[in-house]
Structure formats: structure tokens, C-alpha cells
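Residue numbers (the working numbering), protein chains in the order written: chain A, 1 to 115; chain B, 1001 to 1114.
The hints are simulated quantities; they were obtained by calculation from the structure and are not laboratory data. Cβ coordinates follow ideal geometry from the N, Cα and C atoms, glycine included. The reader is advised that the hints may include incorrect statements.
Stated by the list, open to error - One side of the interface only, derived from the structure: several residues of chain A facing chain B at Cβ under 8 Å:
#1 Ser44
#2 Pro45
#3 Trp46
#4 Leu47
#5 Ser84
#6 Ala87
#7 Tyr90
#8 Met94
#9 Phe105
#10 Gly106
#11 Ala107
#12 Gly108
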Amino acid sequence: GDSVTQTEGLVTLTEGLPVMLNCTYQTIYSNAFLFWYVHYLNESPWLLLRSSTDNKRTEHQGFHATLHKSSSSFHLQKSSAQLSDSALYYCALMGLSGSFNKLTFGAGTRLAVCP
Amino acid sequence: EAAVTQSPRNKVTVTGGNVTLSCRQTNSHNYMYWYRQDTGHGLRLIHYSYGAGNLQIGDVPDGYKATRTTQEDFFLLLELASPSQTSLYFCASSGDRGNYAEQFFGPGTRLTVL
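When you get a sec, could you build the whole thing from the sequences and use the hints?
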């Protein structure tokens, strides 16, 4: 079945440094949608950005990611971390099979930004 | 106005207890989902549904039942709760595939099984 790997459980950064959260995936289907969801403490998770287009950069709220099908990767990046970026980030995959919109989430990466 | 609501927000029960978690969405979405969130495991899908009366098994279904009574309402049932089911539970809804399947989450229910 589908799987998503986020290798870092916790990333700690100093404010102003660049952010890179890793995401790789496995699916048997050639078409896949990749997503990043963000979960702030005591709030609901929400969609940060998504892509299904190979080698095209997608951006939202200062974050960006590029889907690379050749390496099955969809890393999340930001040029300069802010204190308000501290949250739990989930990478997720929807393989286009069957009739149901089923997402497979990674284990999540907690980003802690320090002054 | 919140489009996905959950009740209760917090629940404490004992081992062997019977628990029902409720979810209602006003997005007019066909798909609804139940997840549990645990540190180190992320969001794991328990059950999901496409419309009233439809149920699909997720990735971690053992010990859980679900029922979709209307397009708006989706319930998660724990008939013999165990401490391993202590978790934060999220309900979500989404439109059809053409909408890139963005899922909209509720506020979560924290369940503690003693």
C-alpha cells in the first residue's frame, strides 16, 4: 500500500534560519497528489499546500515545495523561520486509485523555532 | 461558523466502557473520516465514508465501529474501550476527487481510557 516517510520527528531551529522538512513517499500509482498539512497546538490541522505536478514549485504562506516523482519526494521549505511557524507538519499522499479520497499521512515533524 | 464540529471535546471512561464520538459537517461534503493522532504515528485513518449508510475500513479499524447516519453526521463507536485507545481523535470531511481532496478537520476529541 501507500506510505509516507518523514524522517525527522523534531526539528529545532533558530528564528531566521531556513526550514527544510523532509518527505518521501511510496505508491504503485503513477499519479499521486502530495499535501502538507499543518497542525498548531489546540487548533485543527489544515492544508498548507498541495501538488500533483512533477517538478513544479508550489507556494503558500511563505512555504514552498516541489514534487519530484523521480525521487518520490515532496520536501517542505521556507527561507526564513519565524516563531509563529512552530507547529506539527504532516506530509500526506493520495494515490489515485479506487473510488475513495483516502489520504495516507506521515508520522509528522514537529518544528520548534526558538528566538 | 465551524464547518466540522465534534462532541464531546473531552471524554474520560474506564476500561470496558462504551463510548460514542460524534461529528457533524456543514460543508455538504460526501466524504467523512475518523482519525486518531498519536505521537510518533501521526494521523491514522480508522474509518471513512462516502455518504449516508456507506462505510469503509481504514488502516487501524480494530476495536472501532462507525456509522454514517446522514450526509452531515458520522459517529465513531468504541464498545469495549481499552487504554490503548487513549488518543486525540479527529473527524474530517472532504469533497470529491476533483477538489484535490482537501480535508477539513474538526477541533478534535481527547479520549482517556483509564
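Tell me, in ascending order, the numbers of any earlier hints that this structure violates.
-> 5 and 6
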